[in-house]
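Visitor: If you're matching them up, the sequences are chains A and B in order. In case it helps, the UniProt record's numbering puts the first sequence at residues 1 to 165. In case it helps, the UniProt record's numbering puts the second sequence at residues 1 to 417.
In short, the hints are calculated from the structure, not lab data. Bear in mind the structure is a predicted one, so any value in this text is a computation, not a measurement. Any given hint might turn out to be false.
[To be verified] If you want a taste of the chain B side facing chain A, the calculated C-beta under 10 Å gives, among others: (1) Ala-135; (2) Thr-189; (3) Ala-232.
[Stated by the list, open to error] The following label-pair restraints were derived from C-beta to C-beta distances: (4) Glu-51/A <-> Glu-391/B: 57 to 67 Å; (5) Asp-252/B <-> Glu-142/A: 35 to 45 Å; (6) Val-78/A <-> Gly-387/B: 21 to 31 Å.
[To be verified] DMTMM-like, lysine to aspartate or glutamate: derived pairs with alpha carbons at most 20 Å apart: (7) Lys-359/B <-> Glu-397/B; (8) Lys-177/B <-> Asp-71/A; (9) Lys-177/B <-> Asp-117/A.
Ideal Cβ positions, reconstructed from N, Cα and C, are used throughout, including at glycine.
Residue strings, one per chain:
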Amino acid sequence: MMSFSFPLRATALACVMACLPQTGGAWAQSYSTGHTGGRAGAAQPVSFSAEQVAHGAQIYAGACAMCHGADLDGGHDVPDLSTYFTARWANTPLDRLAGYIAHAMPLMAPGTLPPQDTAALVAFILHHNGATSATNAPLPMEEARLAKFRFPAPITQPPASGGKP
Amino acid sequence: MKRRDLFAASLAAGIAGATRRRGWAATPEASAALGRTALHGTIPHLVPIRAHADQIMDIKVCLRPFRPAGPRMDVERVAGKTVVHNYGHGGSGWSLSWGAAHIAVGHAAATLERRVAVIGCGIIGLTSALTALRAGLDVTIYTRDLLPHTRSVRANGSWTPDSRIALTQQAGPEFAKTWEQMARYSWQTYRDYLGLPGNPIDFRDNYTLSDTPPDAADHAPTPTDPAKGNFATTGAPQSSAEFAEYASRISDIIPAPELLAGADNPFPVGYARRTPLMIYNFGAYGHLLLEEFHQAGGRIVIREFHSPADLADLPERVVINCPGYAARDWWNDKSLIPIRGQTSWLPPQPDAPYALEYKGAAMISKSDGVMIQGYDMYGLGEMDGVGNSFEHPDRAEAEKAIGIIEDLFTRFQPRNG
Ligand SMILES: Cc1cc2nc3c(=O)[nH]c(=O)nc-3n(C[C@H](O)[C@H](O)[C@H](O)COP(=O)(O)OP(=O)(O)OC[C@H]3O[C@@H](n4cnc5c(N)ncnc54)[C@H](O)[C@@H]3O)c2cc1C
Numbered sequence: 001m002m003s004f005s006f007p008l009r010a011t012a013l014a015c016v017m018a019c020l021p022q023t024g025g026a027w028a029q030s031y032s033t034g035h036t037g038g039r040a041g042a043a044q045p046v047s048f049s050a051e052q053v054a055h056g057a058q059i060y061a062g063a064c065a066m067c068h069g070a071d072l073d074g075g076h077d078v079p080d081l082s083t084y085f086t087a088r089w090a091n092t093p094l095d096r097l098a099g100y101i102a103h104a105m106p107l108m109a110p111g112t113l114p115p116q117d118t119a120a121l122v123a124f125i126l127h128h129n130g131a132t133s134a135t136n137a138p139l140p141m142e143e144a145r146l147a148k149f150r151f152p153a154p155i156t157q158p159p160a161s162g163g164k165p
Numbered sequence: 001m002k003r004r005d006l007f008a009a010s011l012a013a014g015i016a017g018a019t020r021r022r023g024w025a026a027t028p029e030a031s032a033a034l035g036r037t038a039l040h041g042t043i044p045h046l047v048p049i050r051a052h053a054d055q056i057m058d059i060k061v062c063l064r065p066f067r068p069a070g071p072r073m074d075v076e077r078v079a080g081k082t083v084v085h086n087y088g089h090g091g092s093g094w095s096l097s098w099g100a101a102h103i104a105v106g107h108a109a110a111t112l113e114r115r116v117a118v119i120g121c122g123i124i125g126l127t128s129a130l131t132a133l134r135a136g137l138d139v140t141i142y143t144r145d146l147l148p149h150t151r152s153v154r155a156n157g158s159w160t161p162d163s164r165i166a167l168t169q170q171a172g173p174e175f176a177k178t179w180e181q182m183a184r185y186s187w188q189t190y191r192d193y194l195g196l197p198g199n200p201i202d203f204r205d206n207y208t209l210s211d212t213p214p215d216a217a218d219h220a221p222t223p224t225d226p227a228k229g230n231f232a233t234t235g236a237p238q239s240s241a242e243f244a245e246y247a248s249r250i251s252d253i254i255p256a257p258e259l260l261a262g263a264d265n266p267f268p269v270g271y272a273r274r275t276p277l278m279i280y281n282f283g284a285y286g287h288l289l290l291e292e293f294h295q296a297g298g299r300i301v302i303r304e305f306h307s308p309a310d311l312a313d314l315p316e317r318v319v320i321n322c323p324g325y326a327a328r329d330w331w332n333d334k335s336l337i338p339i340r341g342q343t344s345w346l347p348p349q350p351d352a353p354y355a356l357e358y359k360g361a362a363m364i365s366k367s368d369g370v371m372i373q374g375y376d377m378y379g380l381g382e383m384d385g386v387g388n389s390f391e392h393p394d395r396a397e398a399e400k401a402i403g404i405i406e407d408l409f410t411r412f413q414p415r416n417g
């Protein structure tokens, strides 16, 4: 009979590396807390530059879109980098995301992205998911500085009158 | 149904600029593709279908929830809730269910809420609820009826992902991409349900039969009467040509048809093609999905909603709305157009596991019965049943469809061995 394939993937991996043991550690718990690595403290508002977004889009199109899709939708066998992705990474310090991309992506050539490209990709992904930049200051490349920012939680409230009727 | 078109379109894949589905035979590549003839000896011995009106066990009628702009899948804020819509999948709800659920649950997950309500337990609601459970959410289905009593199980039940799903103009080019994403995701998810006990999802060889060369049939001009106008001018679709065709976008993963050479063609017709067709055995599949839902801790509450304001007292703050055609009333979505369809069910014939189409009637031999549907018996094409909300069995129509299959098999000479 069928059994569920729970969304292990990178979430589980990052969890093993980063999570303190969760109380009530049912599989479902990792859903929204998997990457936060504990309590979400006060984080700085995230900033990235328009140049980074443009540069990130360029790298994305060449090195990532073939698997994650031009619209970041992913597919059956590749995680999306949009809706589910925001849920998985909300409130996670950005050094984790940059670190993951730097060490694991692109899947066929991990570890080949220079730090400025990784930062640009993070900026592009943030921008694509509706994050706004506090200033036009570029997103830093250094892990210690990135750790001060968290992946913004999505805006839970859509506009009162939703999109097309 | 438009399976003929569907595979015509799949043959057209790769032909640059082949936008008209009926144009494939005119192009050399497509002719070459069509030229592949089934390998001699691969047509199995076929047991005749016992299609007689006195064998009818059940006649089911259903209204396809058709929206000219395509299914409604946006997010809105109503009665203090975040409402993710997932309804209006026309004649493609079974086929696109998992892909549509994947998109809808993504919107729900992005709110970071842990608990979601799903309204409706047809194929769209149930797959949305399962997808939400798999994403780690707590799910309660609120519904008037469970799957076996919904419109969903009054369908034909096969892979028809772009059957009356939208009008090309009204849906626009963006929807074509969303459609492709849904169709690919669904197809891959269904593969996970193949080969299980009870065959919830299965394949049948589908024989498309014709007395005239299929080219001619496929080239038959779409009945268009300029005097009738179109959706833009009249507010209702007026011809088959307005309905969207997207199948060629996924022809790389959908098995193509093959021709049956004269000596191999067991049917008393001049022309036959064979295409592997994915089918849904409603009984086995429906039970499996409900079982999975309960096993994973999902809850079901029987409840009917009357107006969007009724959502206010739900404990969940996120709602995935999957009411199918009923959205016309309960969500007051007057853009939904009913497209009536009817299927007749004869006793199962496990000795004859195949499907066929002839003169506008389709037959699929399934584990829960032999399904016969007149999908285009009056030459109306995609306009068949459009605007008709008579959700009541029409025995004469059922007998006419069965008669087409019956007539075919009175002339059928089963080969020996
Ligand atoms: C003749 C025919 C053949 C078809 N063949 C195919 C095919 O071969 N392949 C394919 O992919 N598709 C096919 N379809 C299309 C497919 O059946 C539909 O797209 C699909 O069933 C829609 O499912 P749904 O879950 O949205 O709606 P439904 O099955 O109508 O489910 C709606 C659910 O919402 C609940 N509900 C509704 N209103 C309320 C309310 N006010 N309060 C509480 N609960 C409510 C209902 O009880 C039900 O549980 C066919 C359709 C027809 C008519």
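Visitor: Is 57 to 67 Å a correct range for the gap between the Cβ atoms of Glu-51/A and Glu-391/B?
Guide: holds, 59 Å
Visitor: Could you check the hint for me, namely that Val-78/A and Gly-387/B are 21 to 31 Å apart, CB to CB?
Guide: 41 Å Cβ-Cβ, so the 21 to 31 Å window is violated.
Visitor: Is Lys-177/B close enough to Asp-117/A, meaning Cα to Cα at most 20 Å?
Guide: Cα-Cα ~28 Å, so violated.
Visitor: Does Ala-135/B pass the interface check with chain A, least Cβ-Cβ distance below 10 Å?
Guide: holds, 7 Å
Visitor: Holds or violated: Ala-232/B as interface residue toward chain A, Cβ cutoff 10 Å?
Guide: Ala-232/B check fails; min Cβ-Cβ to chain A is 17 Å, beyond 10 Å.
Visitor: Tell me if the straight-line CA distance from Lys-177/B to Asp-71/A falls inside 20 Å.
Guide: Satisfied, since the Cα-Cα distance of roughly 10 Å is no more than 20 Å.
Visitor: Close enough to count: is the Cβ of Thr-189/B nearer than 10 Å to one in chain A?
Guide: holds, 7 Å
Visitor: Could you grab the alpha-carbon distance between Lys-359/B and Glu-397/B and see if it respects the 20 Å cut-off?
Guide: holds, 14 Å
Visitor: Using the C-beta atoms of Asp-252/B and Glu-142/A, is the stated range 35 to 45 Å upheld?
Guide: holds, 44 Å
Taken one by one, the earlier hints fail for this structure at numbers 3, 6, 9, listed in ascending order.
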